[in-house]
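Here the protein sequences line up with chains A and B, keeping their order.
When we follow numbering that gives the first Met the number 0, the leftmost residue of the first sequence carries the number 0, and every step to the right adds one.
When we follow numbering that gives the first Met the number 0, the leftmost residue of the second sequence carries the number 0, and every step to the right adds one.
Since the hints were derived computationally from the structure, they do not count as laboratory data.
Careful, some of the hints might be misleading.
Unchecked claim - Chain B side only, calculated, beta carbon under 8 angstroms to chain A, not exhaustive:
#1 Ile14
#2 Leu15
#3 Ser16
#4 Gly17
#5 His25
#6 Ala28
#7 Gly29
#8 Thr32
#9 Arg34
#10 Glu40
#11 Val41
#12 Val43
#13 Val44
#14 Gln207
#15 Lys208
#16 Ile211
Unchecked claim - Rough simulated footprint, nothing fancy, chain B against chain A, three-plus residues with beta-carbon under 8 angstroms:
#17 106 to 112
#18 178 to 185
Heads up, the beta-carbon is just placed ideally off N, CA and C, and yes, glycines get one too.
Chain by chain, the residues run as shown.
Protein chains: 2
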Amino acid sequence: MANPTAAMLVIGDEILSGRTRDANMHYLAGQLTTRGIDLKEVRVVSDDRDAIVAAVKALSAGYAHVFTSGGIGPTHDDITADSIAAAFGVGIGVRDDARALLQAHYARAGQVLNEARLRMARIPDGATLIENPVSTAPGFTLGNVHVLAGVPSVFQAMVASILPMLTGGAPLLSRTLCLMRGEGDLAGPLGTFAANHPSLSVGSYPFQKDGIYGSNIVVRGMDAGELDAAMTELERLLAA
Amino acid sequence: MANPTAAMLVIGDEILSGRTRDANMHYLAGQLTTRGIDLKEVRVVSDDRDAIVAAVKALSAGYAHVFTSGGIGPTHDDITADSIAAAFGVGIGVRDDARALLQAHYARAGQVLNEARLRMARIPDGATLIENPVSTAPGFTLGNVHVLAGVPSVFQAMVASILPMLTGGAPLLSRTLCLMRGEGDLAGPLGTFAANHPSLSVGSYPFQKDGIYGSNIVVRGMDAGELDAAMTELERLLAA
Chain A
0 MANPTAAMLV
10 IGDEILSGRT
20 RDANMHYLAG
30 QLTTRGIDLK
40 EVRVVSDDRD
50 AIVAAVKALS
60 AGYAHVFTSG
70 GIGPTHDDIT
80 ADSIAAAFGV
90 GIGVRDDARA
100 LLQAHYARAG
110 QVLNEARLRM
120 ARIPDGATLI
130 ENPVSTAPGF
140 TLGNVHVLAG
150 VPSVFQAMVA
160 SILPMLTGGA
170 PLLSRTLCLM
180 RGEGDLAGPL
190 GTFAANHPSL
200 SVGSYPFQKD
210 GIYGSNIVVR
220 GMDAGELDAA
230 MTELERLLAA
Chain B
0 MANPTAAMLV
10 IGDEILSGRT
20 RDANMHYLAG
30 QLTTRGIDLK
40 EVRVVSDDRD
50 AIVAAVKALS
60 AGYAHVFTSG
70 GIGPTHDDIT
80 ADSIAAAFGV
90 GIGVRDDARA
100 LLQAHYARAG
110 QVLNEARLRM
120 ARIPDGATLI
130 ENPVSTAPGF
140 TLGNVHVLAG
150 VPSVFQAMVA
160 SILPMLTGGA
170 PLLSRTLCLM
180 RGEGDLAGPL
190 GTFAANHPSL
200 SVGSYPFQKD
210 GIYGSNIVVR
220 GMDAGELDAA
230 MTELERLLAA
């Protein structure tokens, strides 16, 4: 049987202007190859509704899977979700489950879920959410189009959320530990932890906030009990 | 007046499989932005004639300029030139001026212009050659499509050859000095040379051949006499 085919759509003026060098294409290409999915085409378009709609329609009709990257943040030029809804001819609005995720996330962070952030809960009708263990705001799947964030660490975490669903593997559960410490401090104990838990996948996604370095440690596995026990161990290990 | 628009077509299975990370898109994006040309879309397709033809037709019709990258080497899977000819409905064959360039190049290198290398002189009817000061085998322009090599150093040198033609600047002349020494040896005197000749553009393109490091030094300028004098100085400087 031939491998399933895929295309990628990278959305963002910052790539086309040369300000930012895209990293997601190369990452996705490697992941899909590993999973036996053939990436056949990539397009990069600007933050322009007509351009996004045209590309989504063409790629969605031509390939088994389409992955998009970028344009799902809180600012006015993040028009990917609306453009995907338009491409499929469905409505879009703030969805309760997505809003609840964001509400809990910002409450934990002591921040307000303002109008701009609430934009990230706008989901096209009929879509399925894609888990974002790094920064919570979800991606989504509509039809055969998987809509992911543009920030590389979030993109990569979302790829890990969605890929097992496409290749018949068991869905992975995830737990996230957010620490206000840089990766350099954590790398040693984290390596030991990963080596002691070969059945779990351990990822570290660094960030910077108000000038302070932090890391989201995302642990994935198939067994909820094993995951919970591992997270307790990890917290103890990294609190040291 | 609005800026002219452009699109890029990256051709190559090695990008889509994740084996190679594309570097040309980011480079071209930066160059076009500097020159006031708006890069509006990029597509990446595999070494597949139908895919290349379809993309060339769509992009050529939609944008003022199209730049392609990859698939113009000597091997059987280098099908870009034939695909471009097919997209424009014109013939293709070995062209005398391109053959003469390659003949002189391989004669200098003491190598044979065999059947495979001669493939690189296949140029669609009606095309204009694009100079390749790094490795000789030329690119070409057909209609509004500029066909460039995939190897980043050659791609960059070809971009420098073609861009002034598109933006109304005076065409640049070039001289190339090929040295079997690594860049590390040359960087010091080359920096001094470049500083002493602010009206010339000086580029260094390293390569490896039979395990030995070499560099092509490409010097560009508008005045042939100035260039020739500068090359004599450069040879004396780097022979030391």
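Original post:
Which of the listed hints are not met by the structure?
Top reply: Failing hints, ascending: 9, 14, 15, 16, 17 and 18.
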